[in-house]
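K.L.:
Work out the full structure: start from the sequences and follow the hints.
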Amino acid sequence: MSLDGSLEKLRREGHIVIVGASIAGLRAAETLRAEGFTGTLTMIGDEPNEPYDRPPLSKQVLLGRVPVDHTRLPRRRTVDARWRLGVAATGLDLAAKRVHLADGDAVDYDRLLITTGVRARPWPQELEAELDGVFVLRTSDDAARLQRRLNAGPRRVLVIGAGFTGSEIASACRERGLEVTVAERGAAPLVGALGGVVGEVAASMQREHGVDLRCGVTVTGLEGDSAGRLRRAHLSDGSTVEVEVAVVCLGATRNTEWLASSGLGAGPRGIACDAGCRAFDVRGIVTDDVFVAGDVARSPHPLFGYQFLSLEHWGNAIEQAETAAHNMISASSDRRPHVWTPSFWSAQFGVNIKSVGVPPMADEIIVTQGSLAERRFVAAYGFQGRIIAAVAFDQAKWLEFYQRQIEQAAPFPPEFATVDRRPEGMHPVPAEFPDPSMPSHGPTVTLSGHSPSERRISFTPLRA
Amino acid sequence: MTSVALLRQITDYANRADPYPLYAELRKTPVVRDETGVYLVSTYWEIHHLLHDPRVSSDVRNLSPEVAGAVGQVEDPNLPPSFLRLDPPEHDRLRRLAMRPFGPPHTPRRVYEMRGELGEIVSGLIDGFRDRGQIDLVDDFSYPFPVTVICRLLGVPHEDESRFHGWADTIAGGLDPGHGTEEEREAKQQAIRQARVDLAGYLAGLIEERRRSPRDDMLSALATGHGPDGQMSPVDMVITSTLLLIAGHETTVNLITNGMLTLLRNPDVLQRLREDPDLVVPLVEELLRFEPPVQFIPHRTPLSDIEVAGTIIPKGAPLYLMLASGSRDPQRFLDADRFIPDRPDNQHLGFGSGLHNCFGAPLARLEAQIALTELTRRLDNLRLVEDPPPYRQNAVLRGPRHLAVAFDGLKQ
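Here the protein sequences come in this chain order: G and X.
With the working numbering, the residue at position 125 of the first sequence is 125, and numbering never jumps.
With the working numbering, the residue at position 153 of the second sequence is 153, and numbering never jumps.
In short, the hints are calculated from the structure, not lab data.
Nothing here was measured: the structure is a model prediction, and the numbers come from that model.
For each residue, glycine too, the CB sits at the ideal point set by N, CA and C.
Check the hints yourself; a few may be wrong.
Claimed, not checked - Coverage of chain X stretches by chain G, computed from C-beta distances (three or more under 8 Å per stretch; other residues unrestricted):
(1) 53-66
(2) 88-98
(3) 299-308
Stated by the list, open to error - If you anchor each label on the Cβ, the simulated ranges turn out as follows:
(4) 277/X to 82/G: 21 to 27 Å
(5) 67/G to 330/X: 43 to 49 Å
(6) 109/X to 404/G: 35 to 41 Å
(7) 282/X to 336/G: 27 to 33 Å
(8) 106/X to 404/G: 43 to 49 Å
(9) 67/G to 106/X: 48 to 54 Å
(10) 67/G to 213/X: 49 to 55 Å
(11) 106/X to 435/G: 39 to 45 Å
(12) 82/G to 124/X: 54 to 60 Å
(13) 426/G to 282/X: 44 to 50 Å
What the hints assert, rightly or not - Interface residues of chain X toward chain G, partial, derived using beta-carbon atoms under 10 Å:
(14) 49
(15) 103
(16) 105
(17) 107
(18) 230
(19) 353
(20) 355
P.N.:
The structure is reproduced here in structure tokens:
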């Protein structure tokens, strides 16, 4: 079926395929229907479960407050789709406009949306990863398994990597009364996402809640007993920790392997797309009928020097999906750019953490409201004389103001008086982000390359 | 009509029944400096942004001294301000302490678990209309219902409620911007101070009683509670419970009365509500947008010179956020002057927003939902006797003083 030049026909009777049935895929499907797409819609997802919400998995679910099957996403409207759940996509034929599935089937499309997201990076030593007691946390099945094991009351849990997921798991374990050791390669928890100044606050929170926090170390080995049960972890400082459970929180890997030979610009850093969510092919030419949204996408952001941003943020997945869906069924003159201001939140150790902007771009930080010592504060991040990001601990209601400051490229340090300004908030200090070349737990924001000024084309093929 | 005289016209009692044309006039200039030196902000996004702006203070002690007296914003030097008129960190600490026995995270089910009790109070009041064909909705229902609720919640004995009526009304009058001659304003301020002192004395006694023999109410919880923030000082307990009491007395009454007035002016909506009681949830939100019980916030001031929609509002200037106008801003709401009970995307300013977002909002919502559902369900052929009804003096906490309604009979 050729639909070239026939947008109306596409909207009326075209076939749209969405690969990836999590929040981005579902919200895109709903948007397509809400905007009047009446053709055939196929949803393909490798997990057997209906679309569910992930943020509660490391919080309420681990605490046992919400059963794992109560995390299904609320539906905004009916999507009237053909659901192919539990079947992974294995290949893409751009010329034939066809998606190949793991069960040997194939689905043709007129327009394709890729929302395959990311998966937890596994423990790199395969034999150790298979020990009974070694977990990752990304899917609802992961959460169910981990929660069951925590219910059994292990004597000590080891969390490997103190990014947001690792810190939230440590918090849930402490709230359940379990002993926890956290091993973090960087100088403090959350240091990759929020820098060393705020990382120190996170470290003091962990220690005060009884976490055995060890920074500047890596886990060099996991050791099991003769029955294959995890018993011990070896750290790079030569110490060992007796543990029954280890949760590997080393960031995420983008689900792009199935596109390896497709000719799309897809690799370990995601799928590059333009601000209108159209995917680039390996030549750097934008495609007309393949769109990308959510964690797997990386797209240029005008607010941040047109850098390509990969954002593993819940809110980004929703908004980018809505934009992609709109653009898929709109004439080029009606298309919108995806210019979402990055934003995320976390709940840990009784504190609500929320951030806007791109903190890792910053070189300086200033506490504009409240106090680090009280763990109730707002801090603004600066880069080359402008506000680039802000973070709030238990003060999230103010962030909308800082978001507008970021969007308006307001000067840094801020020149205005604020409520609750303390002496410590009078001067900026270095934000203390680690050298990005040093691998830590995966940062939630990845900056990679420039557009449109960048001429160099570098395509990283899939690693073996 | 010149824009500089708009505040005088808004507070003019003659315009109480329908201030909305004045707000529409006001919105032509999003930020207006009134003849009294007050800056009025009337458009949705500008108000919304200022409600989230850390450069804006709620503490009147940050007003420039030369304007503070002129706009009737002098605080009683003998009593500290309530958290409504404080900034962080004092505001945050007091609000957290007050929230502990009222809502999440510490007491998430408190309001939800009052459902049954609220229903009983409403049924009891309506049962009392059995032998009457006409009532004053305000005196017979909208006032006694939330007053009973707030007194039970706090733990104030029912027999003392009538004494509160006078105190609460007088103190709430203090939210009204100054008008009249200087002598009249001074007399009013004096009456407010006296009412505060009397009410404070009464509450101090009651709190002491609850401290010695606690019950399941908020005063007992404030008097005996211990959390990470410690405990409120005795003075703060009195100030905070005064605030909650006044808020419980003077706002929900208007939400319910404005709600019935709006329904009776829109009989098709009233009929829809009878047929589909679930409609009440979005309907109450639309009421909060369309006829909000709190029309504007008259006590903010910038800590620095700030630019809003091209106008510099200087540090220390009195700043009024015209919530009711913002909620009718056609730049934000389609058909802003129409009452649409199931309006989508209804982020109204009825409860404010940001840090000082209405403390009692969950309770007010539930009270209005139950009241409007039951009144429309049980009163047959309900109709207005007088439209517009007589209004209360207060321009901030705006609502009818009386609302005469007639009906033909009572359903069970």
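K.L.:
Run every hint past the structure and note whether it holds.
P.N.:
Structure-based check of each hint:
1. 53-66: holds (count 5)
2. 88-98: holds (count 3)
3. 299-308: holds (count 3)
4. 277/X to 82/G: 21 to 27 Å: Distance hint for residue 277/X, residue 82/G is violated at roughly 37 Å.
5. 67/G to 330/X: 43 to 49 Å: Holds - the Cβ-Cβ distance for residue 67/G and residue 330/X, about 45 Å, lies within 43 to 49 Å.
6. 109/X to 404/G: 35 to 41 Å: With a Cβ separation near 36 Å, residue 109/X and residue 404/G satisfy 35 to 41 Å, so the hint holds.
7. 282/X to 336/G: 27 to 33 Å: holds, 28 Å
8. 106/X to 404/G: 43 to 49 Å: violated, 32 Å
9. 67/G to 106/X: 48 to 54 Å: violated, 24 Å
10. 67/G to 213/X: 49 to 55 Å: At roughly 41 Å between Cβ atoms, residue 213/X and residue 67/G fall outside 49 to 55 Å, so the hint is violated.
11. 106/X to 435/G: 39 to 45 Å: The hint (39 to 45 Å, Cβ to Cβ) holds, given that residue 106/X and residue 435/G are roughly 43 Å apart.
12. 82/G to 124/X: 54 to 60 Å: holds, 55 Å
13. 426/G to 282/X: 44 to 50 Å: holds, 47 Å
14. 49: Residue 49/X check passes; min Cβ-Cβ to chain G is 7 Å, inside 10 Å.
15. 103: Hint violated; residue 103/X Cβ to chain G Cβ min 15 Å, cut 10 Å.
16. 105: holds, 9 Å
17. 107: Given a least distance of 16 Å, the restraint on residue 107/X is violated.
18. 230: Hint on residue 230/X: violated, closest Cβ of chain G at ~14 Å, above 10 Å.
19. 353: holds, 9 Å
20. 355: holds, 5 Å
In terms of the numbered hints stated before, the structure departs from hints 4, 8, 9, 10, 15, 17, 18, listed from lowest to highest.
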